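Trainee: Build the complex from these two chains, which are given one at a time in their own frames, with help from the hints.
As they're listed, the protein sequences go chains A and B. Its first residue numbered 4, the first sequence is counted upward by one per residue in my numbering. Its first residue numbered 237, the second sequence is counted upward by one per residue in my numbering.
Any given hint could be a false lead.
Stated by the list, open to error - Cβ-to-Cβ under 10 Å is the rule here; a few derived chain B residues that face chain A:
{"hint": "1", "residue": "238"}
{"hint": "2", "residue": "285"}
{"hint": "3", "residue": "317"}
Stated by the list, open to error - Incomplete in silico selection of chain A near chain B, CB under 10 Å:
{"hint": "4", "residue": "32"}
{"hint": "5", "residue": "62"}
{"hint": "6", "residue": "101"}
{"hint": "7", "residue": "116"}
{"hint": "8", "residue": "119"}
Don't read these hints as lab results, they were simulated from the structure. Note that the coordinates shown come from a computational prediction; the quantities given were computed from them, not determined experimentally. Built from N, CA and C at the ideal position, the CB exists for glycine as well.
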Amino acid sequence: MESYIFILFATMAVAAAVGMISSRDTVNSALFLVLNLISVAGIFLLLKAQFLAVVQVLVYGGAIMVLFLFVIMLLNLSDEEHMLSRFSVRYAVGFFLGVIVLSQLLYAIASVTGTLPHIHPEMEQIGTVESIGDALFTVYLLPVLVTAILLTAAVVGALLLAQRNISGKVNK
Amino acid sequence: MEMDWYLGLSAVLFTIGVIGVLTRKNAIVIFMCAELMLNSVNLTLVSFSAQLGDVHGQILVFFALCVAAAEAAVGLAIIIAIYRNNLTVDVTKINLLRW
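Here chain B stands alone, though its shape is the one from the complex (with noise of 0.2 Å):
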């Protein structure tokens, strides 16, 4: 089984992510494909790391993890607060900065 099989499968989620946060509204479902996005690149890496037979990849891995832990608590919260003020999370109607 050679690697390329498994960039291409990393390539295609991280599409998908990538078509999902342009076309969706609902700001949670665009926050869900960024972590689509994340994990597809952590496939790339623990794919690399799997043919290089070398720990670091994985250890890098593991700090993306927690990164994206802390991202999902704090996105959430502001998510949180943003429908605290403007009762929806549609992110068409979030326009206060939008030129």
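Just chain A, same shape as in the assembly (with noise of 0.2 Å):
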């Protein structure tokens, strides 16, 4: 039962990755990517990390992909022409060497195949809430303060890159 829901969760996932790289529409590229994330929650569960999975749909799938919404829908931008005609020897290149980078992982992970070991046992306790949230007021106490400043700094430069040029300089 397991591995067909892993393999409905992963066809989905490589089938929604494959539509985002190859869909001309940018909006189309943004909503595969949200079914590729929701798949990819999806086998997060099936290796029972449930918090994790539930955070990957709000913060990955929500927040963030509006924000990519929005600025596709800011810059209106239209669609791409001619994306397979034009520069050949760039797909060639581009294709050859995402083949070469996917056998070498494959390569990396069949020297270690047969010797991994299964889900741990303990894994539906280690996966909750209470479990994380105990390691990350705890141990990594001083990490989460660290994030939150990170996060203002963002915002805080998100807005400053993205203001109108206020002095005026037109740099075309």
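Mentor: Okay, structure coming up:
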């Protein structure tokens, strides 16, 4: 049963990723990425990481992708024309490098195949909000506080970068 | 269900992200491909965390999510600033620093 659910989610994730890089419309790409992130959240659930599955859907699939869609709407981009006809060398080189990366990764995985254990039996207690929160607010208290500073700095930096050029200088 | 399949899925998703970064021209799509790669690495971390029964891998994924959120906000602001100056997000036309 578990392998069937894995195959379902894995197929959805890979198909959504391929759709994301091959669709011309940017909005379609963003929606395919949402589908991919939700499928990966389902795989997190299979790995008994319940908290991370919920956070993945809320933060990645919700907040970050809404930000992407707002920017796409704001820029009002037209579709890319002739996505595959021009720059055919570029596509060939990109695809070739991708195949090289994939073969290296799969070779590294295949060299340890069969030696990897199954899901740890205590994993159902480890993936819960309780155990993650316990680790976050005791051992990792300082990194959590640093993350708060990081997010504040990111918000201030984003506002500074995206505001209009008030000095009146036009770079074009 | 062995862990190899989860690692293999993560490798495939990472490769699709690499191909997207190398072939697409739209800066927003390239950025989304970078998010896809981050997410596939998160999948690797969660699967190793699950097979070792260790919570620390999941904590690392949590911090990676925080950094991804900050990176998305700043990166999209940079894309908006580039669009204000050049009226395009096509990376082949943004060539001020290219030799």
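Trainee: All hints, please: hold or fail.
Mentor: Going through the hints against the structure:
| no. | hint | verdict |
| --- | --- | --- |
| 1 | 238 | holds, 6 Å |
| 2 | 285 | holds, 7 Å |
| 3 | 317 | holds, 5 Å |
| 4 | 32 | holds, 5 Å |
| 5 | 62 | holds, 6 Å |
| 6 | 101 | holds, 4 Å |
| 7 | 116 | holds, 5 Å |
| 8 | 119 | holds, 4 Å |
Comparing the model with each earlier hint shows no violations; every hint is respected.
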